[in-house]
Amino acid sequence: MSIQHSISRRSLALIIAAVILMLAPVLAGSNYFLHIAVLVCVFGGLATAWNIVGGYAGQISLGHAVFYGIGSYTAVIMMLRFELSPWFGMLVGMVISGIAAVVVSWPTFRLKGPFFSLVTIAFLEVVRLLAIHDQDLMGGSSGLTIPLNIGFEWMVFREKEYSYALALFFLLLTLGVAWLIRRHKMGFYLLAIREREDAARAIGINLVSTRIRAMVISAMLTSMIGSFYAMYLTFIDPDATFSLAISIQIAMFALIGGLGTVFGPVIGALIVLPVAELMRGWLSTYANGIHGAVYGLVLVIAVLKFPRGIVGGLATLTCNEKARIQSLLASHANKGFLQDTLPAQVSDGKVILEADGLVKRFGGLIATNHVSLQLKQGEILGLIGPNGAGKTTLFNLLSGFLKPNSGVIRLMSEDGEAVNVVSPTQCARLGVGRTFQIAQPFAGLSVLENIMLGAFLHTSDVRAAEQIALDVARVTGMENQLDKPASELTVGGMKRLEVARTLATRPRILLLDEVMAGLSPTDIDQAIALIRQIRDAGVSVLMIEHQMRATMALCDRIIVIDAGAVLMEGTPDEVVNNERVIEAYLGSGYKNAA
Amino acid sequence: MDVFLQVIVNGLMLAGVYIGISIGLTLIFGVIKIVNFAHGEFLMIGLYATYLLTTYSGLSVVQAIVPVMLLLFVLGYAMQRVVIQPLLNAPHHMQIFATVGVSTFLMNLALLVFGADVHRTEVPNALQTISVGGINIVISQLITLVVAVSLAIVLHLFQSRTMVGMSIRAVAQNRKSAALMGINVKRVYAITFGLGCACLGLVATLIASQYPVFPTVGTYFVLFAFVIVVLGGLGNVTGAIYASIIIAIVDSLAGYYISLALKEVICFCIFILILIFKPTGLVGKESGA
Chain Y
0 MSIQHSISRR
10 SLALIIAAVI
20 LMLAPVLAGS
30 NYFLHIAVLV
40 CVFGGLATAW
50 NIVGGYAGQI
60 SLGHAVFYGI
70 GSYTAVIMML
80 RFELSPWFGM
90 LVGMVISGIA
100 AVVVSWPTFR
110 LKGPFFSLVT
120 IAFLEVVRLL
130 AIHDQDLMGG
140 SSGLTIPLNI
150 GFEWMVFREK
160 EYSYALALFF
170 LLLTLGVAWL
180 IRRHKMGFYL
190 LAIREREDAA
200 RAIGINLVST
210 RIRAMVISAM
220 LTSMIGSFYA
230 MYLTFIDPDA
240 TFSLAISIQI
250 AMFALIGGLG
260 TVFGPVIGAL
270 IVLPVAELMR
280 GWLSTYANGI
290 HGAVYGLVLV
300 IAVLKFPRGI
310 VGGLATLTCN
320 EKARIQSLLA
330 SHANKGFLQD
340 TLPAQVSDGK
350 VILEADGLVK
360 RFGGLIATNH
370 VSLQLKQGEI
380 LGLIGPNGAG
390 KTTLFNLLSG
400 FLKPNSGVIR
410 LMSEDGEAVN
420 VVSPTQCARL
430 GVGRTFQIAQ
440 PFAGLSVLEN
450 IMLGAFLHTS
460 DVRAAEQIAL
470 DVARVTGMEN
480 QLDKPASELT
490 VGGMKRLEVA
500 RTLATRPRIL
510 LLDEVMAGLS
520 PTDIDQAIAL
530 IRQIRDAGVS
540 VLMIEHQMRA
550 TMALCDRIIV
560 IDAGAVLMEG
570 TPDEVVNNER
580 VIEAYLGSGY
590 KNAA
Chain E
0 MDVFLQVIVN
10 GLMLAGVYIG
20 ISIGLTLIFG
30 VIKIVNFAHG
40 EFLMIGLYAT
50 YLLTTYSGLS
60 VVQAIVPVML
70 LLFVLGYAMQ
80 RVVIQPLLNA
90 PHHMQIFATV
100 GVSTFLMNLA
110 LLVFGADVHR
120 TEVPNALQTI
130 SVGGINIVIS
140 QLITLVVAVS
150 LAIVLHLFQS
160 RTMVGMSIRA
170 VAQNRKSAAL
180 MGINVKRVYA
190 ITFGLGCACL
200 GLVATLIASQ
210 YPVFPTVGTY
220 FVLFAFVIVV
230 LGGLGNVTGA
240 IYASIIIAIV
250 DSLAGYYISL
260 ALKEVICFCI
270 FILILIFKPT
280 GLVGKESGA
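Taken in order, these protein sequences are the chains called Y and E.
Be aware that the first sequence starts at 0, since it is given in numbering that gives the first Met the number 0, and climbs by one per residue.
Be aware that the second sequence starts at 0, since it is given in numbering that gives the first Met the number 0, and climbs by one per residue.
Just so you know, the hints here were simulated from the structure itself, not pulled from any lab data.
There's no promise every hint is true.
[Stated by the list, open to error] Straight-line alpha carbon distances no greater than 20 angstroms define the calculated SDA-like cross-link-like pairs of lysine to any residue that follow: (1) E/Lys262 x Y/Ile131; (2) Y/Lys111 x E/Leu222; (3) E/Lys277 x E/Leu261; (4) Y/Lys304 x E/Pro90; (5) Y/Lys111 x E/Asn135; (6) Y/Lys304 x E/His91; (7) Y/Lys111 x E/Lys277; (8) E/Lys185 x Y/Leu303; (9) E/Lys32 x Y/Arg109; (10) E/Lys262 x Y/Ser140; (11) Y/Lys111 x E/Ile273; (12) E/Lys262 x Y/Leu129; (13) Y/Lys111 x E/Lys185; (14) E/Lys277 x Y/Phe108; (15) E/Lys32 x Y/Gly112; (16) E/Lys277 x Y/Arg109; (17) Y/Lys111 x E/Pro90; (18) Y/Lys304 x E/Ile273; (19) Y/Lys111 x E/Leu272; (20) Y/Lys111 x E/Ile275; (21) E/Lys262 x Y/Asp133; (22) E/Lys32 x Y/Leu303; (23) Y/Lys111 x E/Leu87.
Could you put together the complete structure from these sequences and hints?
Right, here's the structure in full:
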């Protein structure tokens, strides 16, 4: 109760401060002051829009001025050619920018960090050169001048107060969109992709469509602000509009404020831009380029000294999240996740996952050599074998991460249809959950958020995902770590998180890759009990495990793999007494000990 | 036909410039695995340094080679130590921001110091041509080509024959194992970065007579350098030479047969297509994807 109270008082204080800040330029009554305020709104808005792609999704676009320029030019050209209001041109520009965003991001989604940046720069350069080349429509290098029609429908005003009000409106609109995205499933998904692509695919996130959606939204907002700013400037030309320097500036404000935070980009612009503008005002006659040099220097220092930005740095100091999670836990009724939430299934012994004649080659190495296996509903199937036998490769094939050279994998869908496995995302959506041998947490997110990401496979509602995550955390014994960043967990904790995140996707089939390696004996006992409970709830389990005690205790059947091929298949007792298995894997010491 | 041949030869001559500019970037990317967005600005510094030395201290362009290369070696060494080294294990985007920041800073610093004016390094007889079978060749371009190819060969020999060169290759293969073998990785990285920039110093003195210098001259060249490094297979010196020749000839053909204004558009479109369809480049193992 007291926590709720203090939060609302804090946000009230923040809102009042923000309103005062917004009114200040008007009250000050100076046109120069208002001009800077408009700039802060415009660049704060651009940085906020950029942040949806650059911050949330971690794709550093250095060509965002393309969308800004499309917005500018479309509005101006519609006005000059057809005497249409820039409000209309703005909408058309947004549509064009949205299409351009698909064209840019769809083919380039697989490019890594700097190469994505390079492609965006190349796109920007191409558009800029074409704009310079095009005399008829875009006015070539001399640019276009906006006719001076004054009035709301033309977005041009005699008094700067009105321009400022409009700039503020567009900023708040952009912030609203960014805030909504961050608070919803889409924001979580973008952060997940940024942190770890493979883990994101394993919980059913479609990387391509999620990234494209982010780019389209970001581009449309950027374009919208571009249209407005063109009207404010009353003049545009290719070099200043399709400008690499502007693209960099936008990204810089976001970095300084805090990448991936909602309000960081605006705060970055609010702090850096006025200082640079004032310096330009005072010094420009003596020192051309001074504000650019300051921008560059600030950027380097920010990267080296404050990589998390102003807002990102402050966020670690507040303990709001911890208190919130505590109160959530306190009010959370234990629903019995395993029995109630996991999809109810009859353990009727039908085959639910089947591999037939799988072959996978890496160059000359045959990692998987004609492997066939069947996983039956409600059983625990063990997969053992020496290091390098090809167990994890088999897992990657079964979960769609690798494509076999030959052979098929069939999966029984919920309706009882056999479906061929083609991609990790499809696999996850059909109810296959997998963990990774080397834990792949979304390191920058909290444990709670990590588990929620799994839950989002079956719900779009943040509250519902939170409830599922709390249930899962109870079952997997992670309640006390929910507020920790995943990067701060121990190795054992990360393994546990792998299982928790996968469980939250409510799998029908669970593929566990060495979840017990590195656990203490007590932890192993707990893990054995957990896996048994999961199976009893109707989930079929396929597990790779070197921990023989757990394998023996849990598995109904065991498949032994050696050098890529199936060595034998049988009950645990048959396997441990088999001469060939002892020779290839267990070692004679195991026989003597047993 | 003569015109076509002349255009092709012009392209070949241009390749010298591209080889020179991209070889340092290739070296840095191949070893340190970092994309240096400030590469063009180092070239800009080299061009300004050449201009200042030849105009104000009476050195000839040839005499300026050693001081300019030394200057750029030191700057590159320092940049690696101060900016790149602390970010080696940082996420990609931090490395991008850092080198973009250095680029912005240097470009505007040049604007601050030298103004936006275009300066030209005057070299007597720089644009003299010789005629071979009706094909005209600009002598300074020919020299650039010869020196750039020699530079590539020297660099190759350095990497395969000397201790320092071999430790650079070892670090490029596997940073951690190299460190375990007693190689001072930090030093190797700094030397590599310095060498990559020193290559630019050499190129700057060579092309100073052909290209004027202004604060944003680096931006023009750096995109071409990136096009070549990617096309050449990211970190592969031989690949970069082939790529330079291809891009230079495309550039030359497009400039003559399509439009002088659109030749860059064509090169950048090729770049985009390569990154989309074959991010490993022509011969490379590293991948942009």
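Hints and how they fare:
no.	hint	result
1	E/Lys262 x Y/Ile131	holds (13 angstroms)
2	Y/Lys111 x E/Leu222	holds (18 angstroms)
3	E/Lys277 x E/Leu261	violated (24 angstroms)
4	Y/Lys304 x E/Pro90	holds (14 angstroms)
5	Y/Lys111 x E/Asn135	violated (43 angstroms)
6	Y/Lys304 x E/His91	holds (16 angstroms)
7	Y/Lys111 x E/Lys277	holds (13 angstroms)
8	E/Lys185 x Y/Leu303	holds (17 angstroms)
9	E/Lys32 x Y/Arg109	holds (18 angstroms)
10	E/Lys262 x Y/Ser140	holds (17 angstroms)
11	Y/Lys111 x E/Ile273	holds (14 angstroms)
12	E/Lys262 x Y/Leu129	holds (11 angstroms)
13	Y/Lys111 x E/Lys185	violated (25 angstroms)
14	E/Lys277 x Y/Phe108	holds (13 angstroms)
15	E/Lys32 x Y/Gly112	holds (12 angstroms)
16	E/Lys277 x Y/Arg109	holds (11 angstroms)
17	Y/Lys111 x E/Pro90	holds (11 angstroms)
18	Y/Lys304 x E/Ile273	violated (36 angstroms)
19	Y/Lys111 x E/Leu272	holds (15 angstroms)
20	Y/Lys111 x E/Ile275	holds (11 angstroms)
21	E/Lys262 x Y/Asp133	holds (15 angstroms)
22	E/Lys32 x Y/Leu303	holds (19 angstroms)
23	Y/Lys111 x E/Leu87	holds (16 angstroms)
Hint check: violations occur at hints 3, 5, 13, 18; the rest are consistent with the structure.
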